[in-house]
Amino acid sequence: MGTLGSKIQQVLNEPGCATNRAKPNLDRKKGSNKLLAPGAAAGGCAFDGAKIALQPITDVAHLIHGPIGCEGHSWDARGSKSSGPLLYRTSFTTNMNEQDIVFGGEKHLYKAIKEIVEKHNPPAVFVYQTCVPAMIGDDIEAVCKAAQKNFGKPIVPINVPGFVGSKNLGNKLAGEALLDYVIGTEEPEITTPYDINIIGEYNLSGELWQVKPLLDELGIRILSTISGDAKYHEVAQSHRARAAMMVCSKAMINVARKMEERYGIPFFEGSFYGVADMSDSLRRISQLLVDRGADAELLARAEKVIQREEARAWERIAPFKARLAGKRVLLFTGGVKSWSVVAALQEAGLIVTGTSVKKSTPDDKARIKELVKDDAHMFDDLKPREMYAMLKEARADIMLSGGRTQFVALKAKMPWLDINQERHHAYAGYMGMVALIEEIDKALSNPIWEQVRRPAPWEKPAVQDALHLHIA
Amino acid sequence: MAKIVFSQKHCMVNPLKMSQPIGAALAFMGIENAMPLLHGSQGCTSFGLVLFVRHFREAIPMQTTALSQVASVMGGFDNVEQALVNIAARTNPAFIGICTTGISEIKGDDLDGFLKTIRANHPELDSIALVDVSTPDFEGSFQDGWAAAVTRIIEELVNLPLATAKLTRRINILPGSHITPGDIDELRDIFEAFCLEPVFLPDLSGSLDGHIPAEFTPTTLGGISIEQIRKTGSACWTVAIGEQMRGAAITLEHRTGIPYRLFERLTGLAANDELMGFLSEISGVPVPRKYRRQRSQLVDAMLDGHFHFGGKRVAIAAEPDLLAAFSHWLHEMGCEIQAAVTTTQSPSLENIPAGEVVLGDLEDLEMRAAGTDLIVTHSHGRQAAERLGIPLFRIGLPVFDRLGAGQQVSVGYRGTRDLIFEVGNLFLSNAREPTPNTWIMSAECTPPRVSLKVQ
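Residue numbers (the working numbering), protein chains in the order written: chain D, 1 to 472; chain W, 473 to 927.
So here's chain D without its partners, still in its complex pose:
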């Protein structure tokens, strides 16, 4: 575990991470990996995070080396979409048994890789390490090396036993594996001055496709996303991009920064959520490309597209303003998404009455504060019981959050909208923001609310009395 240990330290010291930079030296060592409180923890493990980050690569076979608890409950669960290959939706696991525990699971793992190569012949196999084989000392790096030699294709070890830390750490360790074993291992057939990478975008519900047509129109080529709707070869060739955009601020910062360091690819941190954010991202992508040698006329073309799309989005949001004005929103989501979504909601006349800043960097917090002034409450950690109370007492009209807190809202008979990874609607780009406003309107205006909040017949003493009188 020596190499894994040093890798973790390296990732925890990530200088590109704003949260990390803001910490005193001692805290930084603990990094994103603060000890989790037993009995009071929520969220996934490092393995979970790595799978989230890499499984969107669609033509790779993702093999989980571990007992059934690691893969059996969670496969084919995320809404990351593919434009072609579907192998990523097939689940592969060694399903370790007692024998493996006693004799070691390395041979079992090797044979499993062999079966996958023979059956599916994928461009690469990603092998995920989990807690149990890590404890018994299975050396997946060695197994992958041997398999790669014998099968003549990349067999990539992703060393992320769950117990090393949080989902966020797993995101980063997954990025490290790409940097160590994949990125820069192949050359693209052609390159253009308009090639970019989009890092930390997972194409959930097909969101990338809400943005891609605009890039296509501008002649900007996505050389690779890391990793939504990506193919193995695209990631392997991604070091030839001219510029990069990093989407989910904290998940893959190490990948963006190291690609800048190693291959000179400049990047910026941006968002596709919110009209202004989308425009800003298009501008910055164009500017970075121009800085790296693309024709400067790109800037003007981008500006034209932005104007057209913004106008179209406002036109479509306008009819909702009257319906939504003054409605109060509780917004619970992670990190960068908070401020960009806050801005978008305000554009539609909604009032953000509270938001979480648990996963936000100091910069994020400052931006939120600027946006919502004093009206809003910024919560570091709001317990479900308190959320329930806020909703039950109607201090908000709708809650936007992830699936975990869905039932806090629904059991309080309050509208709720899923804006986390498991959601079924795509909210990116200009049309995505219109879709979000539409969904909020649908949720708020649904006629069930009037009915489900009515007291049951036996809860109406007046009616009961009247009935008794009538019978009497």
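Note that these hints are calculated values from the structure, not bench results. Be aware that a few hints might be false.
Here are the computed lysine to aspartate or glutamate pairs in the DMTMM-like style, where the Cα-Cα straight-line distance is at most 25 Å [to be verified]: (1) Lys413/D <-> Glu687/W; (2) Lys442/D <-> Asp873/W; (3) Lys304/D <-> Glu347/D; (4) Lys107/D <-> Glu611/W; (5) Lys481/W <-> Glu98/D; (6) Lys413/D <-> Asp873/W; (7) Lys413/D <-> Asp441/D; (8) Lys114/D <-> Glu611/W; (9) Lys111/D <-> Glu611/W; (10) Lys81/D <-> Glu858/W; (11) Lys579/W <-> Glu628/W; (12) Lys153/D <-> Glu186/D; (13) Lys481/W <-> Glu115/D; (14) Lys481/W <-> Glu118/D; (15) Lys258/D <-> Asp291/D; (16) Lys481/W <-> Asp59/D; (17) Lys481/W <-> Asp76/D; (18) Lys119/D <-> Glu141/D; (19) Lys481/W <-> Asp139/D; (20) Lys762/W <-> Glu664/W; (21) Lys481/W <-> Glu141/D; (22) Lys392/D <-> Asp681/W; (23) Lys579/W <-> Asp139/D; (24) Lys638/W <-> Asp661/W.
Got chain D; can you put chain W on it based on the hints?
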């Protein structure tokens, strides 16, 4: 007699199986004001939690000891202690059920010992019932974990018979993990119609039936109370549903002397005739009119439905007891079980009405399902069904792409009747329209519909 076949693959592809710890955790969720706790990495809990949320569409109380790399090597005592103290302070439960995982089992954490020490050091936990269960996820499967948890609840919590007065109408029911909240409600009605007082251990109908609680609660919304569990010794009979519950029933019998009757399944006419006969006998109450009518309706549904079931080939993958219930019922309706895949060993497997039962995964099912008329398994069968172009009937857990999974009923006369309609309609809606070539093609290509086997 089905041949039991073990999948020879080294790589499991598209798992059917789920782990023991979350099977045990679900059993603990049938207890009132409970908090299941997985002694493992936080991913062990979070994967299970998300799975249950997607299946039941309910908030799921489930915690973790959040083992770190160091703790999993040095031992997890501190984590268990902190977890119990934190849970007690934050959610004030009546019960905490602790499931081990592969990680804590490999380390060899002695949970019984841990709990003794923790009890001695933390009087604030005195009012909380604690039960631990060994559920490594490198052996067994979901239903094994469920059964182990119920057995441990009985061992730890049920009062010895001397302390308990007999209640002549009281009856314990030990449902297997395949019995849904909807099934439990149906069974409760049936038992009560015979003037019996059924107590379900565990009782998911109180906690995961989907209802609106009056107030927010961070633990389970309902279920069997600790007090009721302690007094299960006061019942006159125990009814176990599913072979998986035999061990728990025997444990309860040894502890309290209460005789048990095991029903391998409660889906189908004959199986429910047996139940009705038994209930009438032990209660002294003749079968109520309501159920006589329901039986007649079921017979009629069988008559109407058999045209569409007869000769149909079905591929089915489920945990052993659910596999037994559905494969026998489909077989009784005239279907041929072309493929049967399951997760774990069970005595009920050899009686499955199929040539062989494969202990394997959904790839094994897919390979054997070509040419069938219906695939029956959980939601993860959707990819195989799509690839093969065969309709999928979703049973078991998880069912995450349909509403009402917790209310799917497959027990009783009425439950069976409705199943005939549901599955029959699936056959009907997938009937192939004849074309001028239908009979030319079929003479050349299609194998005989029914393989004539000597039974």
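Given pair status - Asp139/D, Lys481/W, alpha carbons within 25 Å
At roughly 21 Å apart (the allowed maximum being 25 Å), Asp139/D and Lys481/W satisfy the hint.
Straight-line Cα separation of Lys114/D and Glu611/W no greater than 25 Å?
24 Å, holds
For Lys153/D and Glu186/D, compute the direct alpha-carbon distance and say whether it is at most 25 Å.
Within the cut-off at roughly 12 Å; holds.
Given pair status - Glu347/D, Lys304/D, alpha carbons within 25 Å:
21 Å, holds
Assess, step by step, whether the Cα of Lys107/D is no farther than 25 Å from the Cα of Glu611/W, and give holds or violated.
Judged against 25 Å, a Cα distance of about 19 Å means the pair holds.
Would you mind confirming whether the straight-line C-alpha gap from Lys481/W to Glu141/D stays at or under 25 Å?
The given pair, whose Cα atoms are some 22 Å apart, holds under the 25 Å limit.
Verify the proposed pairing of Lys481/W with Asp59/D, using a straight-line Cα cut of 25 Å.
22 Å, holds
Between Lys111/D and Glu611/W, is the straight-line Cα distance small enough, at 25 Å or below?
20 Å, holds
Sort out whether Glu664/W lies within 25 Å of Lys762/W, counting only the CA atoms.
The given pair, whose Cα atoms are some 12 Å apart, holds under the 25 Å limit.
Going straight from one Cα to the other, do Lys638/W and Asp661/W come out at no more than 25 Å?
Distance ~22 Å between Lys638/W and Asp661/W Cα, so the pair holds.
Between Lys119/D and Glu141/D, does the CA-CA distance stay at or below 25 Å?
At roughly 23 Å apart (the allowed maximum being 25 Å), Glu141/D and Lys119/D satisfy the hint.
CA of Lys481/W to CA of Asp76/D, is that 25 Å or under?
With Cα atoms ~21 Å apart, Lys481/W and Asp76/D stay inside 25 Å; holds.
Comparing the model with each numbered hint stated earlier shows that all of them hold.
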